[in-house]
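K.L.:
Using the sequences provided together with the hints, build the complete structure.
For the protein sequence lines, the chains are U and C, in the order given.
First residue of the first sequence: 811, per the numbering used here; consecutive thereafter.
First residue of the second sequence: 2, per the numbering used here; consecutive thereafter.
These aren't lab readings, by the way, just hints derived from the structure by calculation.
Each hint can be trusted.
Cβ-Cβ distance ranges computed for the label pairs, FRET-style: (1) C:Ser26 x U:Ser865: 40 to 50 Å; (2) C:Val68 x U:Arg908: 22 to 32 Å; (3) C:Gly13 x U:Glu906: 35 to 45 Å; (4) C:Phe16 x U:Val884: 21 to 31 Å; (5) C:Gly78 x U:Leu869: 36 to 46 Å; (6) U:Phe827 x C:Gly78: 26 to 36 Å; (7) U:Phe827 x C:Gly50: 22 to 32 Å.
Glycine is no exception: its CB is placed at the ideal position from the N, C-alpha and C atoms.
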Amino acid sequence: MALDQTILIATGTALLFTGIASISVSKNLLKSIMSFQVAVFGANLALFASGMGYSPRLLSDAFVVLSVLVGASVEAVGLAIIVVVYRKYGTLNPDEIRRLRR
Amino acid sequence: MESELVALLISGALFVTVATSLLASKVSYSLISLFYASIVLGVAFTVYGDGLLGLLTMITFAGAISVLLLSVVLITGESKIGLGARELALGAIPLAAAIGGISLVAVFSGKAGGLATSDSSQAVLSFLWTLRPWDLLILIVVFAGSMVAIVSLLGREN
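P.N.:
Now the structure itself:
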């Protein structure tokens, strides 16, 4: 495995776990969506780097395209849900929303 | 050696933009940093020979998703940028210096605007030198215009 491939895979993995950790500790739903986007970035980078050694890297490219489209769709739906939640509860703090639901 | 250096630079840029995005106190700063992270990821794909994937990433994340995020930030009124003239100047001067330096290097090195030779086409950054200076200028103007629009929208008072 080439050194640049290793660097990119390590970066992608670090971004993926950073995004997941940030989702779990975030106190703002918008920040959670942004953290999800960071996780998607990491997954895309790691998938892309995993196919760097092969000459027609069709499989990794197909996975990255699939990941980009699914990630963008999930984010769009999440943002729509955020707008609905904000109109209903007037806040984007998950703890506050949980308290107001009771 | 060049490809390892490029990989390190891309990783560093990604880490800086992502860390700024996740640690910023205001959502609008996170949004702008995430926009830069999308651009860096697209550039990474392009540098490593997959221009279509880079274009798809930039169009999807830096284009569509950033506009969606901006719309939600504006709808919810979650954050506002209080940019004064001093902060704007502090941000614009390093950016202008960097763009000016890169443009001068590109123009005076004689690489920009020329056709890629067989040697340079093998290099990782060869795609950059196949752009003409006017193409670069148009890209920079469009990019700067979009950034000014975002700052103007986020700085608007209710």
